[in-house]
Amino acid sequence: MSKGQLIGILVVLIVIVAGVWYATRPKAPATPAPTTPAPTTAAPTTTAPPQTTAPPKKVKVAVMFDIGGRGDLGFNDMAWMGAERAKKDFGVEVTYVQPRSEADYIPRLRELAGSGEYDLIIGVGFLLTDAIHQVAQEYPNQYFAIVDSLTPDPNVRGILFKENEGSALVGILAAYVTENNKVGVVLGMEIPVLYHFEAGFYWGVNYVENKTGKDVQIIYKYTGSFIDRALGKQVSEGMLAQGADVLYNVAGLTGLGVLDAVHDFNVQHGKEFGPPFAIGVDSCQDWMYPGHVIASMMKRVDNGVYYAIRDVVYGNFTGGIAAYGIKEGGVGISGLEELQAFMQIAQEMGTELPDAPENIVAKWQQMRAMYPEEVWNTIEEVKQKIISGEIQVPTTDSPEEIQAIRQRYGVGVLGG
Amino acid sequence: MRLDLRRYAKPLAESALSVLIGVAVGTLLVILAGYSPVVFFKALFGGAFRSRNAFLDTLSYMVPLTLTAISFAVAARASVFNIGAEGQMYIGALVANAIGVMALPNGAHQVVAILAAFLAGGLWGWIAGILKAKRQVNEVVSTIMLNWLAFYLVNYVATYHLYDPKAPYKTEYVRETARLPELIPRTSLTLDWVLTILIAFLMFFLVWKTSLGYEIRATGINPTAAEYGGVDPSKVISISMFLSGGAGGLAGAFLVLGRFGFITTTLTNILNWGFDGIAVSLVGRNHPIGILFSALFFALLYNGALEVQVATATGGKTGVPIELVLAVMGIIVIAVAVPGLWDMVQERLLLRRKRVEVRGEAAGTVGGE
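Here the protein sequences line up with chains A and B, keeping their order.
Quick note: the first sequence uses numbering that gives the first Met the number 0, first residue 0, plus one each step.
Quick note: the second sequence uses numbering that gives the first Met the number 0, first residue 0, plus one each step.
In isolation and in its complexed conformation, chain B is listed as follows:
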């Protein structure tokens, strides 16, 4: 128990320190722009606590953030650098939208749409996984390419097939039977929030309490050793990329079924959550519970970004422009993501050094004979 606490204390302390560094640098920016840093940061971090509904709306931002972060984390645990959550999310959103406009009974409708989105996102992720496993295609390159492929595919289907004839800039609304119900009326907090929390715990269970999870982590730490231990790394990599893509697909499905009910033909209402997820995951140290806290932190900032504009507009003065708010947020996020990133890079370097040593020893033995 004592040991456990220590394990969590280090990342927590590092994160807290990083936030402080981010705030310190951000403070300079805010002062240079001529605003009060006190008002600024009070609104940025505290805006979500202004009212009950503001807080609940803020919680709702956790949904896409958590899921896309899990998408990144599951792959990262198998040492795959998946930056394809964005595209996987597009695919999931499209599939959920397409099924959402069909006629199905309430209850079954949501389940079918969500499962189909999971499957479709999963397959999209699996493509990059199988390419890496069988052909050693670098997943960074393939997922970036798949993101664009997904963007234009969804763009095409939305523009020519799923579009709303009355409003061709967006797809048709999903039917009421496919919508996820509001948890609390007049907020954006819908049932998907509960599902998201469950999925985070499910990931924890899967990665830390099952043999598949053990194989994923073993492959992530050292694929050669894992293979020696009887694990099939190519299988593990493709499975983890499938799960990863599935989480991305769910993010898209929940944005459509829980929040918007449609996607715009140029995807403007769902853009970027996939990339945000990478940062959320790094801050959460690729751990599902860490991710939940990190997603909450990001959600607070996202609410704060708008609150700052309102809070700084007093006495006839124009509020802080969003560009400055985003810049300060970016500084804080980078500062907070650095320790997690540093750990990841160090592990990889350590691994490489070990491999070189092992190879060197092996060569030495051969030479000796």
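Bound-form chain A, shown alone:
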């Protein structure tokens, strides 16, 4: 390439860059910020926002995801939803940060805390625990919140959910629905949070066994990933091949593979409805494959995030544990209201629904009507007893204890 040509290309490039710059300069870059729907059915707020007369000041919040990040139609998207709702309700400014690798966690948290611009920094996910703990110690005057975990620091709020309570309800459903008397649990990475799901689900299955005399076998599998949809499908196919006909997704994005596997299995066998059924998690995932997802264990990460921001806005943020169970609207089993709300949210997020909303609802109602009132009444009854405190669903954070729980209920690992 001659020198002349080189200079020519350079000039052309500079002109292009300058032109583009000029073209974009005058008008303020105006992309419509993704709008979140009004919290129609969302936020069953038993903890009503504390009222203050003073107008809330302009609050800035940073939300840091872990490397799994947005797009899982569950955990991370729920956190985003909660922050967006707070943005709308309180006029706060929210900055989202999605790290590129785990090496980014600590440096970026330090940057955010060190800038002094944020009233609250929220870490979304257990895997950020160590990083938040370290940076919280370095910046004791900065408020943090972490979803699904806790640290001993007074300036960190651990947003926890009683997943065992919600899981107990879907466990009851699974035990009623299974025809082969075999159900499966597909899990992500082996972190303590997931033990809550396990313990609750096993308890729920066992509850029905005691009540009806049914003998249900449970298999579980840790896939080791929250972001590998293909892996989730592969593991689920293994469980389906072994005859499990209700699969509980406890694996974030990986878990969407559970839904895929169940749907594909039913299609291959010419079935319009399960069983096999999948059970969704985190958000209401019932709409994704109408007729194949019997229910979802809703974990309202959005509420946890929303409450944390609200408390900062009203000046009554506290560190320590904030645990949300069925009573506090933190977990629950999906119903018609949630189905409709989350379909609307999915649409507004730009996700295409598999069918017209009214068709999805019709099919969903048809699916649920396949099972007698007794099933739904039992679930409702246990739910009320959990709220009143009459029933306490077991849970644990320790590997040894979950091992003991698995043994107690005769739970086997897939392929083990």
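Some hints here could point you the wrong way.
[Said to hold, decoys possible] List time: in silico DSS-like cross-link candidates among lysine-lysine, alpha-carbon distance up to 27 Å:
no., chain 1, residue 1, chain 2, residue 2
1, B, K165, B, K9
2, B, K316, A, K87
3, B, K41, A, K59
4, A, K384, A, K326
5, A, K213, A, K270
6, A, K59, A, K87
7, A, K87, A, K326
8, A, K181, A, K362
9, A, K384, A, K362
10, B, K316, A, K59
11, B, K9, A, K57
12, A, K86, A, K57
13, A, K87, A, K57
14, A, K270, A, K220
15, A, K86, B, K316
16, A, K382, A, K181
17, A, K213, A, K181
18, A, K220, B, K165
Hints are computed from structural coordinates only; laboratory data are not their basis.
With chain A's structure known, arrange chain B on it following the hints.
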């Protein structure tokens, strides 16, 4: 001296031009997505200069990038296309972690862990080298396979043997005695950064100032001629793959001893640096000094990738999603890597053409007789 300057001027000019092309294409993407390219690129390239600590943290990204790039470059100098730095890094991380949890005195602990990781990574690389040297197994195929082998091996050992009983999703923390000290408190910049710079210069010395280095380069340029000159190409290839693997192993060791202190059982905290290293090396023209600059450039982008999200989130607007940032970064990286890749391909083609000519002449002579 004049000549030297010219030699460096060409790649520098090419790289600068490539960055511009990358930015120009990236600009279109950013505009299409509805963001201001000025804010975007200012944050992407300038985020690291926001504060002293931001800059020092950015420098820390150079460590794995430089080492995995050196892993690629040493082999590339011997004309071996090693894409196994990723797996070599896993092995090094595992070994460093395993030794890091043992009880050893401070000082000796780090040295033992680092040397063992170097050795283990080196052996892992050497497997591909010896397969190529003795059995003509294509190194691209063998290193890809070895990457998976390393992944599952580390995955297995971490899940069943090295796991932390209190947190089974990761391995046990290495002891404090095995940690590399922070150079500057409250930053991720640890002693391994200094070691990495030293290793880059060591590679320069080794490849350009020693007879082994001469043999490596001679083999890389033309193995037949090198052999004729008394070089044993199979020895050179296996040695260069050992060194290459050793550099990969060091990358893993430093990630564990300097940065994390553990690996997750599915390796999520150390993934991908090995593949990033290939691009870093191509941009740095497989030259250790070039690699240092190229690693710095990548490190700036890596910091910028997060800064962009923060900088574009103003006035109630949601910032640029990471996917778009990564896409623009990818365009820039591809644009910048093209000249280096082009040189490599051209050299190979030239070499092949020459070989064919030589063979043709030889055949002609025989025919003539």
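Cross-check of the supplied hints:
1. Restraint check for B/K165 and B/K9: not satisfied, since their Cα atoms lie roughly 55 Å apart, outside the 27 Å limit.
2. For the proposed pair B/K316 and A/K87, the alpha carbon gap of about 12 Å is at most 27 Å, so the pair holds.
3. Note on B/K41 and A/K59: the hinted pairing holds, with a Cα-Cα distance of about 22 Å set against a maximum of 27 Å.
4. Distance restraint check for A/K384 and A/K326: the Cα-Cα separation of roughly 10 Å lies within the 27 Å cut-off, and the hinted pair is therefore satisfied.
5. Taking the CA atoms of A/K213 and A/K270, the gap is near 25 Å; set against the 27 Å cutoff, the hint holds.
6. Distance hint between A/K59 and A/K87 is fulfilled; the C-alpha atoms sit about 13 Å from each other, no more than 27 Å.
7. Between A/K87 and A/K326 the CA atoms are separated by roughly 25 Å; this keeps the pair inside 27 Å, and the hint holds.
8. For the proposed pair A/K181 and A/K362, the alpha carbon gap of about 25 Å is at most 27 Å, so the pair holds.
9. In summary, the hint linking A/K384 to A/K362 is not supported, as the alpha carbons are separated by about 30 Å, beyond the 27 Å threshold.
10. Between B/K316 and A/K59 the alpha-carbon distance is near 13 Å, which keeps this suggested pair within the 27 Å criterion.
11. A C-alpha spacing of about 52 Å is found between B/K9 and A/K57, which places the hinted pair above 27 Å, so the restraint is violated.
12. Proximity of A/K86 to A/K57 is assessed by CA-CA distance (about 10 Å); at most 27 Å being required, the pair is judged to hold.
13. Restraint check: the Cα-Cα separation between A/K87 and A/K57 comes to about 12 Å, which is no more than 27 Å; the hinted pair holds.
14. Distance hint between A/K270 and A/K220 is fulfilled; the C-alpha atoms sit about 26 Å from each other, no more than 27 Å.
15. The straight-line distance between the Cα atoms of A/K86 and B/K316 is roughly 10 Å, inside the 27 Å bound, and the hint therefore holds.
16. Straight-line distance between C-alpha atoms of A/K382 and A/K181 comes to about 24 Å, which keeps the hinted pair within the 27 Å bound.
17. For the given pair, A/K213 sits about 11 Å from A/K181 by alpha-carbon distance, which is consistent with the 27 Å threshold.
18. For the proposed pair A/K220 and B/K165, the alpha carbon gap of about 19 Å is at most 27 Å, so the pair holds.
Of the numbered hints stated above, those contradicted by the structure are hints 1, 9 and 11, listed in ascending order.
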